[in-house]
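Please dock the two separately framed chains into a single complex, following the hints provided.
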Amino acid sequence: GQNIDQPTEMTATEGAIVQINCTYQTSGFNGLFWYQQHAGEAPTFLSYNVLDGLEEKGRFSSFLSRSKGYSYLLLKELQMKDSASYLCAVRAFTGGGNKLTFGTGTQLKVEL
Amino acid sequence: GAVVSQHPSWVICKSGTSVKIECRSLDFQATTMFWYRQFPKQSLMLMATSNEGSKATYEQGVEKDKFLINHASLTLSTLTVTSAHPEDSSFYICSARTGEGRNYGYTFGSGTRLTVV
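Protein chains in written order, with our numbering: chain A, 1 to 112; chain B, 113 to 229.
One chain only, chain B, in its complex shape (with noise of 0.2 Å):
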């Protein structure tokens, strides 16, 4: 089946610096990715889509020049946190669209906890 790797499963930086995480599919081709941030206790919510090739098309509320979302491939998106702050600790987990026609599904990675000190 289908498998999506997220990199890495957990960093800790220092306020003001930048992460990069990387969600890559390993067995097929993802044009559409999405990533998620998920607070303790909480459930998804959805910062962007990412499209191979095209800019990300970010949710309300969460801000581009933040969150900068990357996918030069068809098996690669990343997602880097510029300027890092404790308040931007959590827990981002990648999603790729997969399978064909109306009834899609979509496969997580297996997520990156974020502490920034």
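Here chain A stands alone, though its shape is the one from the complex (with noise of 0.2 Å):
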């Protein structure tokens, strides 16, 4: 099966950077997303990485390692619309097919 860590909560400054971190234990790996999801809403996608390296897209970064299964996303120029839960979601190849799992979410909360 797999295994993927998260933050459960952090708490940052508007204006500021901040970094989640995801690590994971995976075999078949086949890509990392991650998505932003407000409380009640389905989630969106922010970035996706399957080779190592940085990803860049606007105030949104995010890098993978895929021998330390290890990502981050790093998001930049804080605003109080960021508050929200950051889900990592490693995408791995099993006998059936590709499959997508979910970390359990980091909750974002952006103070003035």
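Honestly, the hints are just simulated from the structure, not real lab data. Glycine included, C-beta positions come from ideal geometry on N, C-alpha and C. Hints should not be assumed to be uniformly reliable.
[As the list claims (entries may be wrong)] Calculated lysine-lysine pairs in the DSS-like style (CA-CA distance at most 27 Å, straight line):
hint	chain 1	residue 1	chain 2	residue 2
1	B	K153	B	K126
2	B	K178	B	K132
3	B	K167	B	K178
4	A	K81	B	K132
5	B	K153	A	K76
6	B	K153	A	K109
[Stated by the list, open to error] Residues on chain B that point at chain A, a partial pick, calculated with CB under 8 Å:
hint	residue
7	F151
8	Q154
9	S155
10	T169
11	I205
12	G213
13	G217
14	Y218
15	S222
16	G223
Here it is as structure tokens:
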């Protein structure tokens, strides 16, 4: 099976930078996704990494190290609307095909 | 971009009744859809993978006779919760596989809040 760990909660200040870490253990790794989810809503896609390195998309960046089973999501110039849960999800190839497994999510609170 | 419409957004039903949730791909054909369940303050748990024209593949611990999945067309998958009980109250979310090649992605529906009383 898969084991995905991320911090439960984080608090940061508006305008600051925050890094949300995700570690995973899996076989058949086939990509890592980051999603943002506001309470009571569906997840929205933020980023995708399948090769080692940094992917940058505006205020959001995501990094992956496959050898270390580690990823992080970096949020810059934090805004109040960034308060949400951030989900790390790992896709892995199993006998029956690819399967996407979610971590428990990191609840980010942005304060003034 | 790809849009997945999920309906209803919320539903309240009596214990023992059945509820159907629909998931439609609006501007693309979805050969594969996924159904998730999310309890408060927990992450999404995959319930089943739905493939158009064939039987769904259920995850371990998910009762296939209780959670009926139908994917009869390339744009519609349905989840029916049969004989619902209060413990089935949860947030149900569908997603569709989108994109081509190895690095395909997923588009999520807006979710259905089910409350069984």
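(message) If you test the structure against every hint from before, which numbers come out violated?
(response) Violated: hints 4, 7 and 12.
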